[in-house]
Amino acid sequence: MAHVERPQHPDISNDMFDKIDEIIAVNRPRPGSIITALRECQDMAGYLPVELIDYISHGMNIAPSEVFGIASFYALFSMEPKGRHTIKMCLGTACYVKGVKQIMSRIHLEYGIGDSETTEDRRFSLEAVRCLGACGLAPVMIVDKDTYGALSSDRAVEILEKYE
Amino acid sequence: MNEPRTQLMLCGGSGCHSTGTRAFREALQKELESQGLVEEVKIIETGCNGFCAVGPVMLVQPEGIFYQNLRTKHVTHLVEEHFLKGRPVPKLFYVEPASKETIPNMEEIPFFQHQVFWAMRNKSALDPEVIDEYIARDGYFGAAKAINEMSADQIIEEMKISGLRGRGGAGFPTGLKWEFASKNSSDIKYVLCNADEGDPGAFMDRSILEADPHAVLEGMIIAARAINSHQGYIYARTEYPLAIRRLGIAIQQAREYGLLGKDILGSDFDFDIDIYQGAGAFVCGEETALMRSIEGKRGMPRPRPPFPALRGLWEKPTVLNNVETFSNVSQIILNGGQWYASIGTETSKGTKVFALSGDVANIGLVEVPMGISLRTIIYDIGGGIPNKKKFKAVQLGGPSGGCVPEEYLDTPVDYEEIVKLGAIMGSGGMIIMDENTCMVDMARFFMDFIQDESCGKCTPCREGTRRLLQILENICNGKGKAEDLVALDQISDVIKASALCGLGQTAPNPVLSTLRYFMDEYHAHVYEKKCPAKRCVALLKFEIDPNLCTKCGICFRNCPSNAISWKKKEVAKIDKEKCTQCLTCYEKCKFKAIL
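Taken in order, these protein sequences are the chains called A and B.
Sequence positions in the first sequence follow the working numbering and run 1 to 164.
Sequence positions in the second sequence follow the working numbering and run 1001 to 1595.
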């Protein structure tokens, strides 16, 4: 790959860069694999700071503007740091009808965060997501990898309190 | 090893997973071990059973006993009574809410009675991670027949006779689509499966992928044979990790069995499938946008023609069908197109899977014959509206669809009939709304969704949906004017006529259908500044009507911010300083005393 110096970044260690280099090496020869590369790099670093997007674009030999365009187009990619725990709150129709709005306002009340915001202590990031496809359990949220259904405002807060 | 005498088909769908299938399974396995029953009683984790409302659920075979709402605390008793002593446990049976009657057998539960399982024929019947179980239920026989005994034309002819139409929403005849792609000569062609189920309120594709991934692969193999393609992709939502994992396992097993890869089933036909994960963009459910996304670009639609059958992925002829469509294919090839066309209406054949959710008693996945009425689905299968509330509307087809009111519930499920109501069949989301739902707020909700998900390529969709949202927000906030109602109509017409892709052209449907059927609610918001369903916060007073208040104190007990004061035999009072307008009291008050 084209050699670019690794940018100094507080959230990305040298080990992470080693793995990011591996991801780039695997995906570089495959046409159309930039989205896969970005996803895998984000899984590694937690988010995609602009410095990292630049680095990936050099590695993949795609113009930084194009990579930035892709990263900003898809909801999966974040250019802001995330909290230790990610709350994905389903804002699909079934969850909406069943009152997810009240739960969102309750979370705002308890933790002071709205959609796409992170608490100051980086404990939680809140993401309002489109249908999680678990409408049978509406309203639904996913905290990290655990799914919780049939929520009420009280139960949502009770659950979140378990995540430090 | 001997065949186990009893098989426990434990639902491992996403719904049951979140209500504790895993913990239950572990406890059950331990108990079976300690009772020395593991040789005789085998747990099989299946895909979604469909009856998500009462999960986790388990079907005991061969008896057909259906257990619901299972928890780890039930394990000891269940194993001892049923699997040791042979006495099924009635307290874990389904209870019919109206008659309070307990129903032990799955087929006798009203929820399952009107259903026909074709696309979901393997639900609760096999372990989706074991290919042999799929093969034991005639799996890959359709593919074998298509490859060894049929020509491409014969496959396409059979598909045309079946009358199968695209289950992703638009309803294009599948056989015809394949025919176009097969006639275009090119050395490279692609078969794509659209598993980017983005419509909020739709989860049937997810459930099929989780319950029966091989059926989708088999459908793709047959399509590939029909158009002579050698490479397929499944474009799956990244939000569906379990479906992606099971697909990955299925593909690996199919390769090991020579059902994917080179020289499939000893023929000289090659075909392989890879999974491509989406990155969270609703517009990628549109076929041309999906192809752009696989190519590693921003997922934006392009004008058609040329249609993908001529120039699709990487500019090559491409067939794209959705998950449910593919899952029907092997049965059509095996049983013949006539068989599939034997049920349904004049123009809509076979079955359709719907995801029933919202304000309905039996939430879950239902597969019904085309032509059944919406009323049968909602009341007989769905069990009607819970909490003694009144039905208001059913939303069909997600953001491209519309809301259908009570008086049209006898309409049959049929592509053309549903379009006449201002909705669309769509991918199959069916969301029931009770009297507490504000239809103006629903239109606002969908417009918020659509303008946020609009890719921005064409102006009518990018700007038009934003204007619609702005007007609807004004109306919900009590700033609506009479001319707004005219503007909503006009802007909708322009978007419909001029947007680039199918999603844009149908984007105004939620607005148009609510204007058509619920104009009185728009009028109440605009002229009286009132929200009849008490949902639009800006139009509520957050005061208690002393004449209606029965002094029961339920609002006081439920208020999360302690903003309500109440004493026995006194009318409750809301402290507006403390009130966060969360609407909890509105929901809890049974006497509509909060204004």
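Source of the hints: derived by calculation from the structure; they are not laboratory data.
Glycine is no exception: its CB is placed at the ideal position from the N, C-alpha and C atoms.
It is possible that part of the hints are untrue.
According to the in silico footprint, chain A covers these stretches of chain B (three or more CB under 8 Å from chain A) [what the hints assert, rightly or not]:
1. 1091-1099
2. 1295-1301
3. 1349-1360
4. 1377-1389
5. 1477-1490
Verification of the hints:
1. 1091-1099: Check failed, 0 qualifying residues.
2. 1295-1301: holds (count 5)
3. 1349-1360: Per the Cβ count (4), the hint holds.
4. 1377-1389: With 0 residues closer than 8 Å to chain A, the stretch 1377-1389 of chain B misses the three-residue bar; violated.
5. 1477-1490: This one is violated; 0 residues, fewer than the three required, reach chain A with a Cβ under 8 Å.
Hint compliance for this structure: hints 1, 4, 5 are broken, all remaining hints hold.
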